[in-house]
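Student: If you want the building blocks of each chain, they are given just below.
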Amino acid sequence: MQLTDNDKAMLDGAEGPAVAAAMDLLVRYGQALDAEKLCEVRNVAGTMTQPSPVKAQLVREGGWNRAYSVINLDSDETLEIPDMRVPTCQLQQSFGPDSEGIAPYPKELIELQSDAESFYGRKGVNILATCTPYQVGNIPVRGEHVAWMESSAVVYANSVLGARTNCEGTASTGAASLTGRIPCWGNHHPANRHGSHLIEARTPVEGPLDWGMLGYFAGGLVQDERPVVTGELKQPELLDLKHFGAAAASSGGVEIYHVPGITPEAPTVRAAFGDGPVPEAVPYGARERRAVYEDLNSQGDCADVDFVLLGCPHASLDQVRDTAHLLRGRSLHSGTQLWLMVPRALRTTADRNGWTEVIERAGGRVLTDSCPAMSRSAPPGTKVFATDSAKQAHYLPAILGIEAWFGTLQDCVSAAVTGRWKGELR
Amino acid sequence: MSLRQHDELYGAGGPARPDHRHGTPPGLVPGGREPLVLHGRTVVPGIAEGEALVSQETISGWGGIDPARGVIIERRHELFEQSFAGKILVFPGAKGSSGWSGFFQSTRLLGTAPLAMVFVTTTTKAALGAVVTRVPAVTDLDRDPLTVIRTGDRVRIDAGRGTVSVHPQ
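These protein sequence lines map, in sequence, to chains A and B.
Going from the first sequence to my numbering is simple: count from 1 and add 2.
Going from the second sequence to my numbering is simple: count from 1 and add 1.
Next comes chain B alone, as it looks inside the complex (with noise of 0.2 Å):
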């Protein structure tokens, strides 16, 4: 295992893959759900793009998750044994142990970060794990991102203006 620097890990990972990877045209929605923006405030400023990766429940650091591996190992979770590396996780806050920001450090001293977080309550725990994962993150955005983003949904944040931009696959 050796430790990557941030912009190793992240830089190639950032800018766009095309749009219309799954062959849906740009603004043509499967579904009927529009494309939408979001805004709220920027917890860590930075651009990511990816896919969505979307948990209804809390979730727990220690005792939670497995960052060697980036997964959610918590049994009674929703997303257990699901993959966050990579993805934009968006999730309601932060529960369990103070261990929480040291857990999601890891994952990207180990390279298995997500690409940015969206979070709905603003706690230490949800806050310092931002800051030392060191990946784009908003939260107090104006529409509740756990209704109008679904896991597979491709977006855009831009941190640093607050803004998350969905189209849904």
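Extracted from the complex, chain A is given alone in its bound form (with noise of 0.2 Å):
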């Protein structure tokens, strides 16, 4: 791999010990990626507040310094951390403070959560605590190169900002934060951005439950490679590819997606391809819809619903006023919980708004940083609960063992409600 004079003296040491460690881990995540060499990033999306046995360990080994070391760096020996090279924000981490009383989890986790945010604010890091920072003031520009993590976050900003980042991991952020560099490799190169599969949406498209369901669908389609949409198709805002593209990268490996007309790489389907040959459409109708439904709902039997979770990603300010205005004036089921996830800064705004009342007035909750997928946690005793997440309905029930029934927001509302799963197709 070719290094910069820059980069060579950042390996040897020149800019001390952990920018060298940074530099060595870059080298080798470089080497087994072949990468040719490494491209500057100013904007670096990752996590390093969250807790975890391994993570406790290191702290009372050692400090954050050293959890930074071995974790962020993948080095051995505890490195004293500089302030952050390039600008670096916190994604979602754990449970925090507002969630106590609420969420069966640790309060010596979130002691230990609360005093990672404030050494590493200390360095630098922006504690965003979210998985949607575009939704929070973090967006970078068409054809910036970044280096995010978060499967969701990463294929929005590939795919709708039309920024460059690969899906990054732990260290590899750790890293850039420390050096402003990354392998300029796969999603930064402009020739592996292009469309290998058409998919051709031939039932109405509309909302987020259904471009959920497509990218669903896209994600299982492509696996790792790289959907293009088009059809029955209605304008898309925000909170509709925010749910299209976790969804296709919880189905599948889906890191850039076009939307011809729409996202920012394809004015039409021939430059969604490069120019080059456009593929037979795949279809997605009524059939595959409802297949894709079906396939969400399968880890559903028992229609008594004891929790409700939304915001998966975090929700936007539509769905926080949206589930407020579906709650008004009414009160959950005594047996159901409901908790709605946001980023802090936005629930900040929900509060002003009012919202926030209405919905604790009904008995749900309104939670930040985290959710019970990254805490491993939700109501004590629940068996049951529902989501208008397709990537929470994927993941949760693996991680903690419960049944899931997925729907759209009103389903999900109604559920909270009367206590039962009453959601179908329509």
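What the hints contain is simulated information worked out from the structure, not anything from laboratory work.
Hints should not be assumed to be uniformly reliable.
Take a look, some chain A residues computed to stay more than 12 Å from chain B by CB distance [to be verified]:
id	residue
1	R30
2	I104
3	P108
4	E113
5	G126
6	S153
7	E202
8	G233
9	G255
10	E267
11	A273
12	V280
13	A375
14	R378
15	P382
Stretch-level coverage of chain B by chain A, calculated; a stretch enters the list once three of its residues show a Cβ under 8 Å from a Cβ in chain A [what the hints assert, rightly or not]:
id	segment
16	35–46
17	100–112
18	117–126
Computed from a prediction, not measured in an experiment: that's the story for all the values here.
Every residue, glycine too, gets a C-beta built ideally from N, C-alpha and C.
Got two chains here, each in a separate frame; can you build the complex from them with the hints?
Tutor: As structure tokens, then:
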């Protein structure tokens, strides 16, 4: 792999041992990828604050310097961590102080995470604490090379914003933060960003439920490749594409997709395929739509719902408002809880608008920073949950050993109020 | 739980248990499959020898494995509840969350890591995962490892040379 003089200087320790360790990791990683070189990044989204048993032990041994050295730089030495070299944000983490008394989650881990926020905040990490940094001010521009992790954020950055990132990990983002470098491979090359499959919707796709199901279909079809979707698509909003991408990155490993006429790198179908041959379209019709719906609802058996989870990926303000409108003047069923996950920055707005109060008066909870899957925590005794997120329906049954129902926001709020799942595909 | 260094974890486990541990003399193969050598590309250099665990399905890290036990936990996965600790993990590639590499790094820190990795499709998840698990790893082999290697086969991997020697069992 070719290194610039500056890369070599960092590797040789000119900027201290932590930067040298970061560059060593990037060189090992770049060689593993067979990358030709590194590229410059000035926007990193990673994770360092979330507690784990391994991290707690490392902090006991040598503080956050040790935790960052071992986990975020893959170093055996405990190194003094300098300030972040380039703008860096913390993605979603574990539950914070606002979950106390609501989520069964250990108080000592909440305190550990708060301690991490203090340490990393001082080092220059922006504690956005959300899987949707693009909802709270971190919006890379088209063509910008960035280093993000979180599969739903990566697919949004590449596809909707036209930024360039691979699906990075904890150590590669940790190293990028201290060097401003990342292997120039994969999605960083324009030639690798063209579509691989054409999917034509022959049934109307409108709203987050349908965009989520189309995403789940697309991911299952293309796996790690790059779907291009056309057909009966209503103009999507941020919310729709948030759910499309998250679902496609759950059923498959989609990191970039194109919606011709909508997403920036695909003004036309031909352009989406790099002006090369356009493959024959795979139809997504009523039958495929029904199959996706039934697949996502195949992990539900008992219609008694004891938990409703909204806000995966973290809710937009539209979703908070819609949830509040549906819950206004109503009360949750005595045996059912409802949690709505939002970025903390948006919760502040929801509080000011009075939406949080409406949701809480009905018995629901607005929580930040995390989600049941990240924190492995749901209301005590949960056996059956309902969600409007294909991603959460995909992952949470395996993580918590519970049944899942998938439907619209209306279906979910109705289940929270009645305690019964009555969702059906309309 | 204590964190152990890489060498302590894997130095002793690397070289060779005898080839004829099940009573099959070297070179004579039950079922008619011949020993063979695959050639590919180095992902992480190093040498390891052990028993193969072959997955035809891609593997998830976050939500897919339990690093504390070194087992696959995805319910619908063909290797559900099987342990990869100390095995040569042969698989098509990584899927799912960007937590993949962090979860496999944890298997190293918790002493449940695979002995080596052989995979088909290079993604950032699989490449970074192999790097931070710090086990020998190869990809881009000249024959499909998922076809010619079977679970239980004895495998020697010299990742620096990009070779995988398979001794069918």
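Student: None of the hints should be skipped; say for each whether it holds.
Tutor: How the hints compare with the structure:
Listed as a non-interface residue, R30/A fails to keep its Cβ farther than 12 Å from every Cβ of chain B; the least gap is roughly 5 Å. With a closest Cβ-Cβ approach of about 23 Å to chain B, I104/A is found to remain outside the 12 Å limit, as its non-interface label requires. Chain B leaves P108/A outside its interface by the beta-carbon criterion, the shortest separation being 16 Å against a cut-off of 12 Å. Listed as outside the interface, E113/A is consistent with that label: its C-beta sits roughly 20 Å from the nearest C-beta of chain B, beyond the 12 Å cut-off.
No beta-carbon of chain B comes within 12 Å of the beta-carbon of G126/A; the shortest separation is about 22 Å. The Cβ of S153/A does not lie farther than 12 Å from every Cβ of chain B; its closest approach is about 5 Å, which violates its non-interface assignment. Interface exclusion of E202/A from chain B stands, the closest Cβ pair being 25 Å apart, more than 12 Å. G233/A, annotated as away from the interface, keeps every beta carbon of chain B farther than 12 Å; the closest lies near 26 Å.
For G255/A, the non-interface assignment is contradicted: its Cβ lies about 5 Å from the closest Cβ of chain B, within the 12 Å cut-off. With a cut of 12 Å on Cβ distances, E267/A stays outside the contact zone with chain B, its closest approach being about 20 Å. In this structure A273/A is separated from chain B by more than 12 Å, as the shortest Cβ-Cβ distance comes to about 25 Å. Distance check on V280/A: its Cβ is at least 24 Å (rounded) from any Cβ of chain B, clearing the 12 Å threshold; non-interface status holds.
Listed as a non-interface residue, A375/A fails to keep its Cβ farther than 12 Å from every Cβ of chain B; the least gap is roughly 7 Å. Annotated as non-interface, R378/A brings its C-beta within 12 Å of a C-beta of chain B; the closest such distance is 10 Å. Distance check for P382/A against chain B: the nearest CB is about 21 Å away, which clears 12 Å, and the non-interface claim stands. Using a Cβ-Cβ cut-off of 8 Å, 4 residues of the segment 35–46 of chain B lie near chain A, which meets the minimum of three, so the contact claim holds.
With 8 residues bearing a CB less than 8 Å from a CB of chain A, the segment 100–112 of chain B meets the requirement of three and the coverage assertion stands. Counting residues of the segment 117–126 of chain B whose C-beta sits closer than 8 Å to any C-beta of chain A gives 5, which meets the bar of three, so the coverage hint holds.
The structure does not agree with the numbered hints 1, 6, 9, 13 and 14 stated previously, though it agrees with the rest.
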